[in-house]
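Residue numbers (my numbering), protein chains in the order written: chain S, -5 to 197; chain L, -5 to 197.
To be clear, the hints were calculated from the coordinates, so they are not data collected in a lab.
Each hint can be trusted.
Distance windows between CB atoms, simulated:
#1 A79(S) x E36(L): 45 to 53 Å
#2 K152(S) x S18(L): 43 to 51 Å
#3 E180(S) x L65(L): 28 to 36 Å
#4 Q80(S) x A79(L): 44 to 52 Å
#5 H50(S) x R154(L): 56 to 64 Å
#6 V184(L) x E36(S): 41 to 49 Å
Not the full set, but computed from the structure, chain S residues with beta-carbon under 7 Å of chain L:
#7 H150
#8 L160
#9 S164
#10 G167
Calculated pairs, DSBU-like style, for lysine-lysine (alpha carbon to alpha carbon, straight line, at most 35 Å):
#11 K197(S) x K91(S)
#12 K152(L) x K194(L)
#13 K91(L) x K194(S)
#14 K152(S) x K91(S)
#15 K152(S) x K91(L)
#16 K197(L) x K91(S)
#17 K91(L) x K197(S)
#18 K84(S) x K194(S)
#19 K197(S) x K152(L)
#20 K197(S) x K197(L)
#21 K84(L) x K197(S)
No residue lacks a Cβ here, since even glycine has one placed at the ideal position from N, Cα and C.
Residues per chain, in single letters:
There are 2 protein chains.
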Amino acid sequence: MSLTAERVEKPGYHHGDLQSALLSEAMRLVAINGADHVSMREVAANIGVSPSAVYHHFPDKDSLLGEVGKLVFENMATFQENAMAQFPGKSLMAARKRFRACGYSYVEFAQSNANLFRLCFGPLCVGDHESTKNDNRAWNLLVTSLDEMTALGQVHPKIRPMAEILAWTSIHGMSMLILDGLLPVEVVDVLLDSLELSLKGVK
Amino acid sequence: MSLTAERVEKPGYHHGDLQSALLSEAMRLVAINGADHVSMREVAANIGVSPSAVYHHFPDKDSLLGEVGKLVFENMATFQENAMAQFPGKSLMAARKRFRACGYSYVEFAQSNANLFRLCFGPLCVGDHESTKNDNRAWNLLVTSLDEMTALGQVHPKIRPMAEILAWTSIHGMSMLILDGLLPVEVVDVLLDSLELSLKGVK
DNA sequence: GTCGGTATCTGAACAATGCTCAGATTATGT
DNA sequence: ACATAATCTGAGCATTGTTCAGATACCGAC
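I would like the entire structure built from these sequences, with the hints used as guidance.
Below, the structure written as structure tokens:
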């Protein structure tokens, strides 16, 4: 551990990149304690900086947590991309597995990061999403998957226009209800079966 | 305004029914400012009582808000019952209108009482619902409605076992996503159409 | 009735929190 | 080299959740 290296990371008075350091520490604390139980002072202290330093990078607490929420949104999209990438190929089986992975990874992320999930779908992040027109990455994953499924005859034409809404709302609702303890985790497979059946159309 | 009447309401030192007074005032403030921005002190002050008096009826803030959440749950069930009761009768049209009213009143309540809705589906009320096995009233409304729809041939037998899950999760998810500004209110009719179609089975 | 116990409420206090601001310290551009 | 801007500190203010000793009112037993 060289002295210069330490200097680059922490030049003493001026912290090299405080903004992102605060963000990642805030995210860490939110994940552990929940957004309601994280304090500006603790975030600052853990970075080794004065409490008031935070306010030179974020106007207030809500703003800090809002930015954390945006990052979580990106992390979630990446998580879903990776999950779906595990089933490549153009076969029917691959497309179906990708579709299920799309939904499964959603609730899996919610469960593994309950506090972060609640944050970025909470009041602190409202409005930001509107301006950025939803998080396009995750949304596009769903659209693409449904397009593939449609091309393979797995989505009935009459249902197709509403497919994204039906899929997203049900997966999102299930994720929240499981977090609330109102539904057992086992319903995820049931719901995915139900979704596939509904989209294709029962005979 | 007689003196005795005043005494009955506020006997001075002993407030007649502080417990419920605190609950309703807390609920009022949550509805206005959101659960995060309501303080014990303000609740107590608005009732005309010392801050510490609250702690003789509720162990802490989370407990108070948790009890408020339970009440909101009951209010919501009542709201749904009233909405569905507007379409009595055994006809197909009545049953369909009742089913749609069941879903529509859910999101309507969520929108009209955003802060209260967020409270009773938030971390503060988790676990309580498990013990009371969901709020049976609202759940039974859905089950009954789906039974009616099934008897009238509006729900495919293969879908029936998953119908409650599909309906609840999608309606709940939509309610939350609308609150978050991630979906426009117009999707409610789209989703209800989609749900009816999916449950019946497309041909 | 009155008297003791109990439920209820008060007032003061403590530690923690969000946030502000004047001033100290470092970086940056000319 | 120097001025200007960016960054950080330290002290401080108002508010919050919560505790606790003590004051006040109700309630049943004698």
